[in-house]
Amino acid sequence: MLVAGLTVIAVGGVLTAVLRTFLTGIALQATGVGITGIAGFWALGAGTATGDGFTNAFELHFGVDGLSGLFLGTLGLIGVPALVFSSRYLQPTVRGRAVGALIAPFMLALALVVCARDPLSFLFGWELMTLLPAAVIIIARADERRARRSVFTYLAVTHLGGAGTWISVLLLAKAGAIGNPAAIGSGSGLQAAIAVTALVGMGTKAGVMPLHVWLPRAHPIAPAPVSALMSGVMIKVALYALIRVLVDWSGPLPLWLGVLVLAIGALSALGGVVYAVFQHDLKRLLALHSIENVGIIVLGIGACLILREHGADTWAAFALAAALLHTVNHAVFKALLFLGAGAFERAVGSLELDRLGGMLRRMPWTGAAFLVGAMAIAGLPPLNGFASEWLTLQALLHVSAYGGSAAGLAGAIALAALAATAALAVLCFVKVVGLVLLGPPRREVAVEDAPVPMRGAVVFLALVCIVLGLAPGLLFGVLVGLAPWSTAAPTHVGLHLSGTGSLPTAGIAAVLVALSAALVLLRGNRRAAPAPTWACGQMIVPALRWTSAGFTKPLRLMLETVLRPQREISIRAQDGVVQEVSYSGHVPHLIDDRVYRPIARLALLGAAHARRLQSGSVGMYLAYLIGLVIILLAAARIGMIG
Amino acid sequence: MTAQTAAAGAVQLGGLALAPLLPGLVQHWKARLQGRRGPTPLQPYRELRRLWRKSGVTVEGASAVYNVAPAVVAASAAAAVLLIPPATHAPNWGVGHDALALAGLLALARFALGAASWDVGNGFSLIGASRDLTISVFVEATLILSLAVAALVAGTTDLRGIVAGTSGTGVWSTPTLALGAFAFALVVVAETGRQPVDSPDTHLELTMIHEGPLLEYAGRDQAYLQWAAAARHWIVLVLGAQIFLPHLANAWWQLAVLPAALSALCAALAVTETFVAKMRILLVPRLLAVAMIVALLGIGTHLVSP
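Line by line, the protein sequences give chains L and Z.
Numbering of the first sequence is given in this note's numbering, commencing with residue 1 and proceeding in unit increments.
Numbering of the second sequence is given in this note's numbering, commencing with residue 643 and proceeding in unit increments.
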């Protein structure tokens, strides 16, 4: 079934490239990825491995088990709406067809990584997964210099960091530890080296701070369906690899590694959301929120590692399942938000927050679905983001309860960081909802709701958000079973776990909806005639409307010492009369400015010096070669090598 | 269902009705402390009655979000009241009794009110909403940490279990809960919108935090929002009384002493408001940062204690 699905994707991809069969191709791709997804969820439900098992040999082996199934299922869940969306979003021009056709190999590469059972095909898929989105962006934005620069940054950073993936996978294969955690002793230096290199390599691809620089550059410039796949699935596949290495293929890791993972998670969660709050471009804001949510998932993984080291196996499995549940949830609502943003951009022609407005009334279907997605990512009950954030909070609290004093305190600090992250996400998405969906339109252009396929895609994802919010327990119970140690899985619709007050998600939803409806009915509809909003008798003119920068000003002032925002006001006056006031302000990205810019400068400086070695004369190169041979011979002579 | 559970359920329903009495009491005592006669404790009910008779207003260009927000705010406050057990026993109204779920319900109310402010586009509402949401970042972290202190002592995040696990008159004899109580006290002040974080008596729009987003509402909508503000007093004060104040282990005694404990906490709020001035809003995070550090210290003392 899986093979059939993947074949259909491939055929669809080829057909998409041809003008006459563009729509058929997209439809075939959607069918294929749908079948793949169903096969994935089936494998997850069955819980048994099919196909080959893991091998350390460099021969091609493919197979599926529960964990691979979950990520294949997520690929299907996001891929189908993204493709249905692109059937109208992409124009059947040469460029649109090329982008549409490249989606097929991109999805195949993602499936390859999760189905690979040997190091060779895993690393091959990993590289493809990095290169294909770069190709898509280059094609879609061929005429923009800045886009090309961003793609270069993306490739440079992911390849430098990606070296970590190669090292850790090759070390694993050398030790014979792929699929066999017993091959490496717990607490050995080799185990730590593998874990740290995996954290660097796969963390770069997943976009954890401080290795995230490529993410807020690359995600916003991709076409909406590709952004949805990148944010929804690609960075999740990197987390899949991380979970494989840290949880599946290792015994209990030393405590400091668990605390390190926790620290990285907390930094990504808080850092991602703080910088997201100050963005004025919708897609860039969403990209930074991906860093935040990856941080939340990594917090869950860190909690799992610490709890496992302390032998609290039940809660270790719960923490892992919390991370996996948030992975699925984030894939769904982030894809929804990226597709919604794509629809708004198509309708209004801009994604600058201060130029949208009133989309809920102008595009009721897309707008309502976007509202659901915004509430879900803000972690509000009764939607899916709330359930998995609650689980992660519980996991961190149990780190404090079972993790001993040092890790316990780390767990408590991470707990506070996650609580603050959730509140910051609420702040950020109140701003987004207010500026994009509500109020009067900030730019008067004729807008009508998106065409039916685009609308259907976002509404479908919104429904998934609601269903996963009402019955997270059904998926959670299956995910608990994915831990390599056996744990009794709870089987409830809500989340009833020992040691917690339980989260009856359906009950909370029912109470909230019933009470709200009753209160609306009780209020009746006696209202005075419409009047303009009250502003001390002032006229409300568009220039006086609140902006994104205004709403976040209190936070900017409070965090001034940390963020060092820049602002500039210049007033041009003539004969004592003010002619023009111009204001500009932005929050610089500290990690970019303080860490990467000096590194990039040093690298360029080093390259400039190194260039002198490349004189271009053959004699010089021969001299280099002879020198190298002499050094090697000398080294062999004194016994350093050989 | 035991008699204790039924009685606790009755107290919860009573809490829905009696919540406005709490801010009434604070205002009454505050006036007395300041040498004024002041309104009776029943003043909030009079205001609710007056508002209930008035018609609502429609703002030009506002969408359904503006219309539904007050009901959502009141519904999430009511759900939170039903989530808080007033004793070690409480009926399950369908929302469970989890301490961390409480934060989600409070966040939902803030989201609804903030979105409504954007919907009408009123600058004063938005000033209030942006400040409220900004301060809530620090409040939520402190709330979760102080509840975590109690949860670690009790070994569960079930609030009924926490009430049972912290019972006894020796609550303050261990540093853990005493530090947690200090942190939670600042959460109470911030969440109820009282000095030094916010001034509930202000009539100057530019200084408003919690009152700001209420400006555009009238009639029954406004009544819902004012009731929800009173319900927030109930939520945090009942938690404070049954977790961080000394309380007995027996559920009957817990219910019997609750009115006295709530009155004492209201009096404490009145005294604080009389002696402490409102602080600059930009300094509020420092105050709450102190509370967070204190709560972390509390967790630390728990972790190192044998």
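Keep in mind the hints are simulated off the structure, nothing from the lab.
From the three backbone atoms N, C-alpha and C, an ideal C-beta is built for every residue, glycine too.
The reader is advised that the hints may include incorrect statements.
What the hints assert, rightly or not - Computed beta-carbon distance windows for the label pairs:
| no. | chain 1 | residue 1 | chain 2 | residue 2 | range |
| --- | --- | --- | --- | --- | --- |
| 1 | L | 529 | Z | 848 | 51 to 61 Å |
| 2 | Z | 848 | L | 539 | 17 to 27 Å |
| 3 | L | 543 | Z | 702 | 12 to 22 Å |
### Task
With 17 to 27 Å as the target window, see if residue 848 of chain Z and residue 539 of chain L comply at their CB atoms.
Since residue 848 of chain Z and residue 539 of chain L have Cβ atoms about 19 Å apart, the given range 17 to 27 Å holds.
### Query
If you check the beta carbons of residue 529 of chain L and residue 848 of chain Z, does the distance land in 51 to 61 Å?
28 Å, violated
### Task
Check the following: the C-beta atoms of residue 543 of chain L and residue 702 of chain Z are separated by a distance inside 12 to 22 Å.
Hint holds: Cβ distance 18 Å, inside 12 to 22 Å.
Checked against the numbered hints given earlier, this structure breaks only hint 1.
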